[in-house]
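A.B. asks: Below, each chain spelled out in residue letters.
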Amino acid sequence: EDQVTQSPEALRLQEGESSSLNCSYTVSGLRGLFWYRQDPGKGPEFLFTLYSAGEEKEKERLKATLTKKESFLHITAPKPEDSATYLCAASRGETSGSRLTFGEGTQLTVNP
Amino acid sequence: DAGVIQSPRHEVTEMGQEVTLRCKPISGHNSLFWYRQTMMRGLELLIYFNNNVPIDDSGMPEDRFSAKMPNASFSTLKIQRTQQEDSAVYLCASSPQRGGRDTQYFGPGTRLTVL
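Note that the protein sequences, when read in sequence, are chains A and B. FYI, in the working numbering the residues of the first sequence are 421 to 532. FYI, in the working numbering the residues of the second sequence are 11 to 125.
Isolated chain A, as found in the complex:
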């Protein structure tokens, strides 16, 4: 059975304090690893897709990396507006459509 596990469940940082969120996955035939950001009362907002081990992608203060077993979302010098729940999801190779298995999320709070 496909599994995606995120840690920690919650993380509190001071503004400017860099850190990383972890996403471990067990998915046979991984086709893509997705990161989303979700603000309260809104749907998940797409951030990154990673397709192969060693791949990295960056967007502003965020950088996502992928190994064969896990993915990291690095947050450099975070600001209060980075506070949100970050969700990781894995897609397996299927002939019809793309089914995602989501982790439970990491709730990030950045204090000014």
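Note that these hints are calculated values from the structure, not bench results. All C-beta atoms in this analysis are idealised placements derived from N, C-alpha and C, irrespective of residue type, glycine included. Any given hint might turn out to be false.
25 Å max Cα-Cα, derived DSS-like pairs, lysine-lysine [unchecked claim]:
hint, chain 1, residue 1, chain 2, residue 2
1, A, Lys-462, A, Lys-479
2, B, Lys-34, A, Lys-462
3, A, Lys-479, A, Lys-489
4, A, Lys-489, A, Lys-477
5, A, Lys-462, B, Lys-78
6, A, Lys-462, A, Lys-499
7, B, Lys-78, B, Lys-88
8, A, Lys-489, A, Lys-462
9, A, Lys-462, B, Lys-88
Some chain B residues near chain A, calculated using beta-carbon distances under 7 Å [as the list claims (entries may be wrong)]:
hint, residue
10, Gly-52
11, Leu-53
12, Leu-101
13, Thr-113
14, Phe-116
15, Gly-117
16, Pro-118
17, Gly-119
Following the hints, put chain B in place on chain A, whose structure we already have.
C.D. replies: Just chain B now, with coordinates in the frame of chain A:
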């Protein structure tokens, strides 16, 4: 593009009633997904369609739940005889079909409260 559109945004109903949630996917996307999100269980896939055809409905909790996609631009999720445990945020997502590497784009969700 307007993104995925869901309606209503909030629905409050009494136990035993029927509710219908609506979703309009992004134009040109072939796949549509319905999820349920709760604090206890996180994001759960209920059903997904590819080219308007249901592919996997194994996540539908029981036969009180049904979903349709009559055309490429509209889908409904109906819950009959609602129960308090159905209270959740129901999210719709769509994606283009490119063989497993497709990004899903989510709507804002419908928050359902069953009293």
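A.B. asks: Take the hints in turn and mark each one as holding or not.
C.D. replies: Hint by hint, here is what the structure shows:
Distance check on the hinted pair: A:Lys-462 and A:Lys-479 sit about 21 Å apart at the alpha-carbon level, within 25 Å; holds. A threshold of 25 Å between alpha carbons decides the hint, and for B:Lys-34 with A:Lys-462 the separation of about 16 Å falls inside it, so the pair holds. Taking the CA atoms of A:Lys-479 and A:Lys-489, the gap is about 23 Å. The hint holds against a cut of 25 Å. A C-alpha spacing of about 17 Å is found between A:Lys-489 and A:Lys-477, which places the hinted pair at or below 25 Å, so the restraint holds.
For a cut-off of 25 Å, the pair hint linking A:Lys-462 to B:Lys-78 stands: about 24 Å separates their Cα positions. Distance restraint check for A:Lys-462 and A:Lys-499: the Cα-Cα separation of roughly 20 Å lies within the 25 Å cut-off, and the hinted pair is therefore satisfied. Annotation: proposed proximity of B:Lys-78 to B:Lys-88 holds, straight-line Cα distance about 9 Å (limit 25 Å). The straight-line distance between the Cα atoms of A:Lys-489 and A:Lys-462 is roughly 29 Å, outside the 25 Å bound, and the hint therefore fails.
Among the hinted pairs, A:Lys-462 with B:Lys-88 is consistent with the structure: their alpha-carbon atoms are about 21 Å apart, no more than 25 Å. For B:Gly-52, the interface hint holds, the least distance from its beta-carbon to any beta-carbon of chain A being 5 Å, beneath 7 Å. For B:Leu-53, the suggested interface contact is upheld, since its CB lies about 4 Å from the closest CB of chain A, less than 7 Å. Annotation: interface hint on B:Leu-101 holds; nearest CB of chain A at approximately 5 Å, less than 7 Å.
Taking 7 Å as the C-beta contact cut-off toward chain A, the hint placing B:Thr-113 at the interface holds, the least distance being around 6 Å. Taking 7 Å as the C-beta cut-off, the interface hint given for B:Phe-116 holds, the closest approach to chain A being about 4 Å. A least Cβ separation of about 5 Å between B:Gly-117 and chain A falls short of the 7 Å threshold, and the interface hint therefore holds. Here the hint on B:Pro-118 is kept, as its CB sits about 5 Å from the closest CB of chain A, short of 7 Å.
Against a cut-off of 7 Å between C-beta atoms, the interface hint on B:Gly-119 holds, since the closest Cβ of chain A lies about 5 Å away.
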